[in-house]
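Engineer: The primary structure of each chain is shown beneath.
4 protein chains.
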Amino acid sequence: MFSNLSAGALGLSLDHPTAVDLAVKHGFGGVDPDLAHFASLGGDAAIAEHAAAVREKGLAWGIAGLPVPLDGPAEAFRTALVELPATLALARAAGVDRMGTWVRPMHEDLDHRQNWRLHLSRLSIVAELLADAGIRLGLEYIGPKTFWSTERFPFIHGIREARELIAESGASNVGLILDSYHWYTAGESADDLAGLTDADIVSVDINDARSDRERDEQQDLDRRLPYATGVIDLEGFADAIAAAGYTGPVKVEPFMKELAEKPVDDVLADVSERIGRFTV
Amino acid sequence: MFSNLSAGALGLSLDHPTAVDLAVKHGFGGVDPDLAHFASLGGDAAIAEHAAAVREKGLAWGIAGLPVPLDGPAEAFRTALVELPATLALARAAGVDRMGTWVRPMHEDLDHRQNWRLHLSRLSIVAELLADAGIRLGLEYIGPKTFWSTERFPFIHGIREARELIAESGASNVGLILDSYHWYTAGESADDLAGLTDADIVSVDINDARSDRERDEQQDLDRRLPYATGVIDLEGFADAIAAAGYTGPVKVEPFMKELAEKPVDDVLADVSERIGRFTV
Amino acid sequence: MFSNLSAGALGLSLDHPTAVDLAVKHGFGGVDPDLAHFASLGGDAAIAEHAAAVREKGLAWGIAGLPVPLDGPAEAFRTALVELPATLALARAAGVDRMGTWVRPMHEDLDHRQNWRLHLSRLSIVAELLADAGIRLGLEYIGPKTFWSTERFPFIHGIREARELIAESGASNVGLILDSYHWYTAGESADDLAGLTDADIVSVDINDARSDRERDEQQDLDRRLPYATGVIDLEGFADAIAAAGYTGPVKVEPFMKELAEKPVDDVLADVSERIGRFTV
Amino acid sequence: MFSNLSAGALGLSLDHPTAVDLAVKHGFGGVDPDLAHFASLGGDAAIAEHAAAVREKGLAWGIAGLPVPLDGPAEAFRTALVELPATLALARAAGVDRMGTWVRPMHEDLDHRQNWRLHLSRLSIVAELLADAGIRLGLEYIGPKTFWSTERFPFIHGIREARELIAESGASNVGLILDSYHWYTAGESADDLAGLTDADIVSVDINDARSDRERDEQQDLDRRLPYATGVIDLEGFADAIAAAGYTGPVKVEPFMKELAEKPVDDVLADVSERIGRFTV
Chain S
1 MFSNLSAGAL
11 GLSLDHPTAV
21 DLAVKHGFGG
31 VDPDLAHFAS
41 LGGDAAIAEH
51 AAAVREKGLA
61 WGIAGLPVPL
71 DGPAEAFRTA
81 LVELPATLAL
91 ARAAGVDRMG
101 TWVRPMHEDL
111 DHRQNWRLHL
121 SRLSIVAELL
131 ADAGIRLGLE
141 YIGPKTFWST
151 ERFPFIHGIR
161 EARELIAESG
171 ASNVGLILDS
181 YHWYTAGESA
191 DDLAGLTDAD
201 IVSVDINDAR
211 SDRERDEQQD
221 LDRRLPYATG
231 VIDLEGFADA
241 IAAAGYTGPV
251 KVEPFMKELA
261 EKPVDDVLAD
271 VSERIGRFTV
Chain E
1 MFSNLSAGAL
11 GLSLDHPTAV
21 DLAVKHGFGG
31 VDPDLAHFAS
41 LGGDAAIAEH
51 AAAVREKGLA
61 WGIAGLPVPL
71 DGPAEAFRTA
81 LVELPATLAL
91 ARAAGVDRMG
101 TWVRPMHEDL
111 DHRQNWRLHL
121 SRLSIVAELL
131 ADAGIRLGLE
141 YIGPKTFWST
151 ERFPFIHGIR
161 EARELIAESG
171 ASNVGLILDS
181 YHWYTAGESA
191 DDLAGLTDAD
201 IVSVDINDAR
211 SDRERDEQQD
221 LDRRLPYATG
231 VIDLEGFADA
241 IAAAGYTGPV
251 KVEPFMKELA
261 EKPVDDVLAD
271 VSERIGRFTV
Chain A
1 MFSNLSAGAL
11 GLSLDHPTAV
21 DLAVKHGFGG
31 VDPDLAHFAS
41 LGGDAAIAEH
51 AAAVREKGLA
61 WGIAGLPVPL
71 DGPAEAFRTA
81 LVELPATLAL
91 ARAAGVDRMG
101 TWVRPMHEDL
111 DHRQNWRLHL
121 SRLSIVAELL
131 ADAGIRLGLE
141 YIGPKTFWST
151 ERFPFIHGIR
161 EARELIAESG
171 ASNVGLILDS
181 YHWYTAGESA
191 DDLAGLTDAD
201 IVSVDINDAR
211 SDRERDEQQD
221 LDRRLPYATG
231 VIDLEGFADA
241 IAAAGYTGPV
251 KVEPFMKELA
261 EKPVDDVLAD
271 VSERIGRFTV
Chain B
1 MFSNLSAGAL
11 GLSLDHPTAV
21 DLAVKHGFGG
31 VDPDLAHFAS
41 LGGDAAIAEH
51 AAAVREKGLA
61 WGIAGLPVPL
71 DGPAEAFRTA
81 LVELPATLAL
91 ARAAGVDRMG
101 TWVRPMHEDL
111 DHRQNWRLHL
121 SRLSIVAELL
131 ADAGIRLGLE
141 YIGPKTFWST
151 ERFPFIHGIR
161 EARELIAESG
171 ASNVGLILDS
181 YHWYTAGESA
191 DDLAGLTDAD
201 IVSVDINDAR
211 SDRERDEQQD
221 LDRRLPYATG
231 VIDLEGFADA
241 IAAAGYTGPV
251 KVEPFMKELA
261 EKPVDDVLAD
271 VSERIGRFTV
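Listed in order, the protein sequences are those of chains S, E, A and B.
Numbering (our numbering) for the first sequence: 1 to 280.
Numbering (our numbering) for the second sequence: 1 to 280.
Numbering (our numbering) for the third sequence: 1 to 280.
Numbering (our numbering) for the fourth sequence: 1 to 280.
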């Protein structure tokens, strides 16, 4: 696995060239791709040249966002499918091979079984289209009870259900986005990660949690930097990820607005060091 | 449909002969069977004689409890199956043709899909055994959020999921126990009852809710007598039940301990009158 | 229900205006829409004018083919979705409100459960897009064993499975295309049609079967005109369709090449008379 | 893995003591347990003594038959559950830890989905009861098309569906009985066995097929001894089983009546040698 600079996940507004430079400067092993930036480069050749230059700097690509909603009206899904090939073409041109999205852990109207069929139907189609483009899809489940319990029908909010959805999709290019924060808030342990292989994991997020809240009171958007409080057993999480032979990106996504107000070099030096503790 | 005296549901300790007499006295159309009492009568002939006498008084049988757990360890289920024929024989001897149970709306360990398969497996077997004995099975879903949100994995807590479980069981002798309290706390309306027929409903409970609490704050064991507060739209509920052509028992299950402290005749006169408003 | 002239189903090559005229001449109550012809008319206004003229002649629209594959590669499905709105617009402009397709009853590679999830995923999306356009979707199951047993993995080949797929789709605008030939070859009886309503049936085909073959030896593409041999219980089929309160089109689809070689007026007079025996 | 003498699978009528002696004589590594014989020994102590003596001779236990039907009426299932503890007690006393059964690959009345739910429901309960007794359950799928295509509704007839059923059961003590004959007739290859571990396999059968029949014409009860014709790729099968790290019994089940007419020592010497080619 390698440390990945995801400016968006840190709440930082960095243009892509700056993000690449800062990733190098602070010793990251990868950086998130920026498809909008790629689109501005003026063609596949220019994109490939850019990608080669990034690789030359010792950086691998992290993960791009999936531009297709897994729920919502069929017409929105259809429209996203119309536009998907153009996005996939940008990704292919740059050699990006991971995309990810998350699963909304509840629904105001669709019960668990209806929502399952909805997600399964969308996921199967999208996964096959991504497979055609040589891209893996990561699916992130959401753990906090303060999130999944807010509507009438809770949905997938743990690793077991996420893995079952992926298995039913029949797609071999779909895996998990594992976030220590969701793993912790879902009440899961290293046992729940046993048996995973590199093929089952598309991306890893590491975060810590506030120490002044019970697990079921933790908020999705109020986290701490990894190793900040020790609430989350990042050692156990790291051991399990390593045991899986994971080779992909590791990033931090703390949802701490104050990071944007600090000197960016300070933030990135700190984040890089924290991910370094995890990936060794 | 007919008003049914269920002493247990009212929190009253009445022996069976007394319950029968009071049901007649207060104009109920039926009374819950008491299988333990039947067992004490000394054989099928005596049970049949008793049942005939009850019928003679103008009373139909309400609904008996299902003596089989739909969740829990397989060994507990197996043991219940060993003992089930004796219970079914008592019911048959008396002409009882309805049994019911409820579905626990959450689980601390099994996720929605695992719990679904567990319930489906148990339900299918039990339903067929009851069908062999000419008995219908009623399944009650539980609506209050203060109940289903208390463990890691919420489960069936609305009519749609309950109906889907019944349909998947493939059993034609399984239907719903519809309780206005669950219907209300589940956020359902008359639309959710549209299309039901008498075959889909095994028993009906009518209750009202406290007026000083929001829907999502209502407690399962703290209800009000029907028409007490007007929080629950019992008119809409009654219209839908009537539109289904429902022919079975209607009872009250308010979980109000104070009822046991009042003169029983006062309580039953009041309850009978309230159900009478519903069944007309 | 009304008799419907479907030239394609009869193996006749009739241009749309001719089909309309012949439908009138031979007393049909409807005619299949021809979306390609509509597209040639030069705009929604012209299409609406044409549709009004057809209606004026006393004809209702039958059913159009669904231009989306329910199986096959995701990219083919995606492409079909890109093009679907244009087709739906033609249908809407003409007031066509029924589209249909059939389910391939076996697969060389996908087992029953994989194929189920594939069909469910595609069906859910397509059904919602059609619902947005005010169009109902009919699904035809295929009965002959000589068809479903030809590959490694048989799939839906009876009404029960077809209805379950439709129910799981969660779509209220999807129903069955009921063909007496599939009903017969599937070994089904009037009991299997009990409880159906008009909302469950989108189109009806009536055909008879060869009298010199056992049921399991019947070929999908070698049928007989309705009432030709009496092998199929068309009276029982008709009674069940009538009991459902069906209001839609009834057509004949005999796959008899010799029809194309006979005088078209002779063929249509005969077919119209045969459907007339059914729809009375 | 070890070679296992299963007299029943060879069509030989050997009493248990004789089977044990012959297993030793011909160099088998194990022998099938005979629960009826154990029951005749007069108590757990005697059974344990017998089992110790068999172990002392260098023999491990093969696999016992599961005395519970996975389909059929609920009452037959219930009765089997009533009697199951006694059988499990015999197995435990002897240290038997594998039981097995096969899945009927078609049904005259239940379609694939109904039959799936039936099997899943029975399997889940039985698996948990066996797990309580420390016993693993093997499930054998049936491959020949001449078998699964004989009724209206084909069911599980390949490894993928068998594995999915096992996964849905949620039981960690259920695995496959892999028979090279079913693997071959199901059109499967070594790829279909990739990724299996010892935990996924409860027993292995090796057989060959007639060389004068096409795969889809092979009959379930007309097989050949392993390596007899070379029709089945037993080398590829053996490599895949070895790659899984399989540690359990390997037996032969050729359904060749002529074996019972030959000198038993000749038959067993031959069978032992053939299994020996597989297990090296």
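The reader is advised that the hints may include incorrect statements.
All copies of an identical chain are treated as equivalent in the list; a pair is satisfied when it fits inside any one copy or across any two copies.
Stated by the list, open to error - Below, in silico cross-link-like pairs of lysine to aspartate or glutamate (EDC-like), each with a Cα-Cα straight-line distance of 20 Å or less:
#, residue 1, residue 2
1, Lys145, Asp216
2, Lys257, Asp220
3, Lys145, Glu217
4, Lys262, Asp220
Simulated from the structure, these hints should not be mistaken for lab results.
This one's a predicted model, so the numbers in the text were calculated from it and none came from an experiment.
Engineer: If a hint holds in the structure, say so; if it does not, say that too.
Structural biologist: Results for each hint:
When the C-alpha separation of Lys145 and Asp216 is checked against a cutoff of 20 Å, the pair qualifies both within a copy, at 5 Å, and between copies, at 16 Å. In this assembly of identical chains, the alpha carbons of Lys257 and Asp220 lie at most 20 Å apart only when taken from the same copy (13 Å versus 41 Å across copies). For a Cα distance limit of 20 Å, the shortest separation of Lys145 from Glu217 qualifies both inside one copy, at 7 Å, and across copies, at 17 Å. In this assembly of identical chains, the alpha carbons of Lys262 and Asp220 never lie at most 20 Å apart, being 22 Å within a copy and 50 Å across copies at closest.
Consistency with the previously given hints fails for number 4 only.
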